[in-house]
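K.L.:
The residues making up each chain are set out below.
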Amino acid sequence: MLILTRKEDESIKIGDNILIKVISISGNQVRLGIDAPKNSLIFRYELYEKIKQENLESSKIDITYFNKIKEIIK
Amino acid sequence: MSITLNTARFGELTIDEDKIILFPEGIPGFTELKRYILLDYKDTELKWLQAIDDGDVAFIVAPPWVVTKNYNITVDEKTKDLLELIDEKDLCILIILRVEGETVKANLAGPILINSSNKKAVQAIVDLDIFSKIL
Numbered sequence: 000m001l002i003l004t005r006k007e008d009e010s011i012k013i014g015d016n017i018l019i020k021v022i023s024i025s026g027n028q029v030r031l032g033i034d035a036p037k038n039s040l041i042f043r044y045e046l047y048e049k050i051k052q053e054n055l056e057s058s059k060i061d062i063t064y065f066n067k068i069k070e071i072i073k
Numbered sequence: 000m001s002i003t004l005n006t007a008r009f010g011e012l013t014i015d016e017d018k019i020i021l022f023p024e025g026i027p028g029f030t031e032l033k034r035y036i037l038l039d040y041k042d043t044e045l046k047w048l049q050a051i052d053d054g055d056v057a058f059i060v061a062p063p064w065v066v067t068k069n070y071n072i073t074v075d076e077k078t079k080d081l082l083e084l085i086d087e088k089d090l091c092i093l094i095i096l097r098v099e100g101e102t103v104k105a106n107l108a109g110p111i112l113i114n115s116s117n118k119k120a121v122q123a124i125v126d127l128d129i130f131s132k133i134l
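Protein chains in written order, with numbering that gives the first Met the number 0: chain A, 0 to 73; chain B, 0 to 134.
Read the hints as simulated data drawn from the structure, not as lab findings.
Fair warning: there could be bad hints in the mix.
Straight-line distance between alpha carbons at most 16 angstroms, and here's what the computed EDC-like set of lysine to aspartate or glutamate pairs gives [unchecked claim]:
(1) A:K67 / B:E99
(2) A:K69 / B:E44
(3) A:K12 / A:D34
The structure presented is a predicted model; accordingly, all values stated were derived computationally and were not measured.
Chain A with its partners taken away, still in its complex shape:
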């Protein structure tokens, strides 16, 4: 992993189209501003990972569970 040190108001650029700016730092929190192409989705990493785990679990669902879900939600 590339590690860079940046101060408030300084930025990094990734490729031609992505700019990440350090807006402010207070305590252990950093506020970032991100400029990226319209079609690129930006997520908080830990939320993305949670959804990914949920999706991996959910995709394995057995066909017999359909009736079980139907029963529970009705």
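Guided by the hints, dock chain B onto chain A, whose structure is given.
P.N.:
Coordinates of chain B only, in the frame set by chain A:
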């Protein structure tokens, strides 16, 4: 035009190409799978979201009101751009359900958003207090 696919749960399916739902970015965990189809099943509000390019991958989905009465999410501009959503009326929201033990878990933080006018879709990630609702 129709295409035929082999699925783990439903055997061989022939589907109309017009019905294909395109996730340009895939979904987390399955970013390589872009094409899905919604299958009605057993006359309920539940549907199967079946991946076209991997017959093993399918999700049980339902409209939010099946899970909770109050489900309000804001669709941000980026997501609207990705969906090419012009009219909010075209937005269809589905929640992924799964079984955990004796309960049903609903992934409210990762709703599937479909633009019904062009069949483009995305899994949004919303920062909700309730990550998943157990029924």
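K.L.:
Now, for every hint given, state plainly whether the structure supports it.
P.N.:
Verification of the hints:
Restraint check for K67 (chain A) and E99 (chain B): satisfied, since their Cα atoms lie roughly 11 angstroms apart, inside the 16 angstroms limit. Using a Cα cut-off of 16 angstroms, the hinted pair K69 (chain A) and E44 (chain B) holds, with the two alpha carbons roughly 9 angstroms apart. With a C-alpha separation of about 9 angstroms, the suggested pairing of K12 (chain A) with D34 (chain A) holds against the 16 angstroms cut-off.
This entry satisfies every hint, going by the numbered hints stated previously.
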